[in-house]
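Trainee: Quick note on this note's numbering: the sequence shown kicks off at 14 and runs consecutively.
Rather than coming from a laboratory, the hints here were simulated on the basis of the structure.
Model, not experiment: these values are computed from the prediction.
One should not assume that every hint holds.
In silico DMTMM-like links for lysine to aspartate or glutamate, alpha-carbon gap of 20 Å or less [stated by the list, open to error]:
| hint | residue 1 | residue 2 |
| --- | --- | --- |
| 1 | Lys-149 | Glu-107 |
| 2 | Lys-153 | Glu-64 |
| 3 | Lys-74 | Glu-241 |
| 4 | Lys-74 | Glu-242 |
| 5 | Lys-183 | Glu-167 |
| 6 | Lys-18 | Asp-59 |
| 7 | Lys-149 | Asp-209 |
| 8 | Lys-253 | Glu-210 |
| 9 | Lys-18 | Glu-64 |
| 10 | Lys-18 | Glu-45 |
| 11 | Lys-58 | Asp-37 |
| 12 | Lys-18 | Glu-104 |
| 13 | Lys-18 | Asp-158 |
| 14 | Lys-74 | Glu-243 |
| 15 | Lys-74 | Glu-49 |
| 16 | Lys-149 | Glu-104 |
| 17 | Lys-149 | Glu-210 |
| 18 | Lys-160 | Glu-193 |
| 19 | Lys-149 | Glu-193 |
| 20 | Lys-183 | Glu-169 |
| 21 | Lys-74 | Asp-158 |
| 22 | Lys-149 | Asp-176 |
| 23 | Lys-149 | Asp-59 |
| 24 | Lys-160 | Glu-104 |
| 25 | Lys-74 | Glu-41 |
| 26 | Lys-246 | Asp-118 |
| 27 | Lys-18 | Glu-32 |
| 28 | Lys-253 | Glu-193 |
| 29 | Lys-74 | Glu-238 |
| 30 | Lys-149 | Glu-169 |
| 31 | Lys-153 | Asp-209 |
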Amino acid sequence: MRLQKALANAGVASRRVCEQLIADGRVEVNGETVTELGSRIDPEKDRVVVEGTPVQFDQSKRYVLLNKPVGVFSTMRDEQGRPDLRRYTREFSERIYNVGRLDSDSSGLLILTNDGELANVLSHPSYEVVKTYVVKVEGKLRQGDLKRLLEGIELEDGFIRADSGHIMAKGSSSQATLVEITLHSGRNRIVRRMFDEIGHPVQELVRRSFGPLQLGPLRSGETRELSEEELRKLLRMARKAEATRAYHQSQRGEQGGKAERGRSSSGEGRQRERRGESRGGRRGDAPRDRKGGPRR
Numbered sequence: 014m015r016l017q018k019a020l021a022n023a024g025v026a027s028r029r030v031c032e033q034l035i036a037d038g039r040v041e042v043n044g045e046t047v048t049e050l051g052s053r054i055d056p057e058k059d060r061v062v063v064e065g066t067p068v069q070f071d072q073s074k075r076y077v078l079l080n081k082p083v084g085v086f087s088t089m090r091d092e093q094g095r096p097d098l099r100r101y102t103r104e105f106s107e108r109i110y111n112v113g114r115l116d117s118d119s120s121g122l123l124i125l126t127n128d129g130e131l132a133n134v135l136s137h138p139s140y141e142v143v144k145t146y147v148v149k150v151e152g153k154l155r156q157g158d159l160k161r162l163l164e165g166i167e168l169e170d171g172f173i174r175a176d177s178g179h180i181m182a183k184g185s186s187s188q189a190t191l192v193e194i195t196l197h198s199g200r201n202r203i204v205r206r207m208f209d210e211i212g213h214p215v216q217e218l219v220r221r222s223f224g225p226l227q228l229g230p231l232r233s234g235e236t237r238e239l240s241e242e243e244l245r246k247l248l249r250m251a252r253k254a255e256a257t258r259a260y261h262q263s264q265r266g267e268q269g270g271k272a273e274r275g276r277s278s279s280g281e282g283r284q285r286e287r288r289g290e291s292r293g294g295r296r297g298d299a300p301r302d303r304k305g306g307p308r309r
């Protein structure tokens, strides 16, 4: 088994983070530092250590939902000593970690798990998991402003539009507006940047849903394990997302192959034309004698 996959399956981190740990020289196999991503191990025989901590490969899977408070950073170990997620995972014997991120100044639904394969699907932007946010923005947001977000706007890193949205409430003094917005982009701070673009900076942001999961009445700083029904829905969504991504990749591959074949065919045609002209004329011209006249 590939080392990064084994680490992800053991709940060390998502596969992308595990790949970075390997590349950074933070992983040892049988006492030797390994930096090659293609390295293979036998989880039943090899001893693997990540940042000084032995990896247990026989862990059961754990799926936890956290209502992340404002001021907490979405990392298991903040190098600057700021509040991180460790305080919310101490009650679990398994080594679980966060799926994706929420800004420190945002709150709401965050998944914690040791299922590396699922975490990779849910956190990777290309799988486009749908998320819903309740946002308090500065000023009086009008329907025309919301329409711009639904039709799409251009940001510095490309075009973006919301899947849906509606105005929930407006402050009595028109100093703030409460909005619900749904989108499937995984780009960094995308909700805040969208509202900044239309002149209504975000004051508060709460993620209320992630795929089929709903935050519900869970209080800030509390955790709960997913129900069997929630887990079934989450795994079903992940399988569908993987299948959709694989289909799109195959379509792009086929289109690329057709384009390459088309370029090759047109190139061969041009070469044949050039060869034909060099022999005395274009295809369809009557043969000519040495003096330039048509041969009879």
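Trainee: Decide, hint by hint, whether the structure agrees.
Mentor: The hints, checked one at a time:
| no. | hint | result |
| --- | --- | --- |
| 1 | Lys-149 / Glu-107 | violated, 36 Å |
| 2 | Lys-153 / Glu-64 | violated, 50 Å |
| 3 | Lys-74 / Glu-241 | holds, 13 Å |
| 4 | Lys-74 / Glu-242 | holds, 16 Å |
| 5 | Lys-183 / Glu-167 | violated, 26 Å |
| 6 | Lys-18 / Asp-59 | holds, 14 Å |
| 7 | Lys-149 / Asp-209 | holds, 12 Å |
| 8 | Lys-253 / Glu-210 | violated, 33 Å |
| 9 | Lys-18 / Glu-64 | holds, 17 Å |
| 10 | Lys-18 / Glu-45 | holds, 18 Å |
| 11 | Lys-58 / Asp-37 | violated, 24 Å |
| 12 | Lys-18 / Glu-104 | violated, 26 Å |
| 13 | Lys-18 / Asp-158 | violated, 44 Å |
| 14 | Lys-74 / Glu-243 | holds, 15 Å |
| 15 | Lys-74 / Glu-49 | violated, 27 Å |
| 16 | Lys-149 / Glu-104 | violated, 33 Å |
| 17 | Lys-149 / Glu-210 | holds, 15 Å |
| 18 | Lys-160 / Glu-193 | holds, 13 Å |
| 19 | Lys-149 / Glu-193 | holds, 9 Å |
| 20 | Lys-183 / Glu-169 | violated, 29 Å |
| 21 | Lys-74 / Asp-158 | violated, 44 Å |
| 22 | Lys-149 / Asp-176 | holds, 18 Å |
| 23 | Lys-149 / Asp-59 | violated, 51 Å |
| 24 | Lys-160 / Glu-104 | violated, 45 Å |
| 25 | Lys-74 / Glu-41 | violated, 24 Å |
| 26 | Lys-246 / Asp-118 | violated, 29 Å |
| 27 | Lys-18 / Glu-32 | holds, 9 Å |
| 28 | Lys-253 / Glu-193 | violated, 26 Å |
| 29 | Lys-74 / Glu-238 | holds, 11 Å |
| 30 | Lys-149 / Glu-169 | violated, 23 Å |
| 31 | Lys-153 / Asp-209 | holds, 14 Å |
In summary, the structure is inconsistent with hints 1, 2, 5, 8, 11, 12, 13, 15, 16, 20, 21, 23, 24, 25, 26, 28 and 30 from the numbered list given earlier, while agreeing with the others.
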